[in-house]
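S.K.: Sequence:
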Amino acid sequence: MATAGAGDVLTGIIVSLIGQGFDVFDASLLGVYIHGLAGDIASKKKGELSMIASDILDYLSDAFINYK
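Residues 26 to 93 in this note's numbering are what the sequence shown spells out, letter by letter.
Derived by calculation from the structure, the hints in this document are not laboratory data.
Predicted model, so just to flag it, every value in this text is computed and none were measured.
A hint or two may mislead.
What the hints assert, rightly or not - In silico DSS-like cross-links for lysine-lysine, where the CA-CA straight-line distance does not exceed 27 Å:
1. K71 to K93
2. K93 to K70
3. K69 to K93
Whenever a hint applies, use it, and build me the whole structure from the sequences.
M.R.: Structural data, given as structure tokens:
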């Protein structure tokens, strides 16, 4: 997931989890996992070569559903 903006998406996920009451460590762990899972889902549906950071955002809900 070395695509422009992917780190910004990861930061946003982690900060949103902290805002929901997770401590920094747990938010970081869960954020990295969800970010990776959303990226995996996006790459399967969109293809790795054409994937951009907003594709990760598009599949965050799927990642959270699969996490639970």
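S.K.: Now tell me, hint by hint, if it's right for this structure.
M.R.: Hints versus structure:
no.	hint	in the structure
1	K71 to K93	holds, 23 Å
2	K93 to K70	holds, 21 Å
3	K69 to K93	holds, 20 Å
When the structure is compared with the earlier hints, no violation turns up for any of them.
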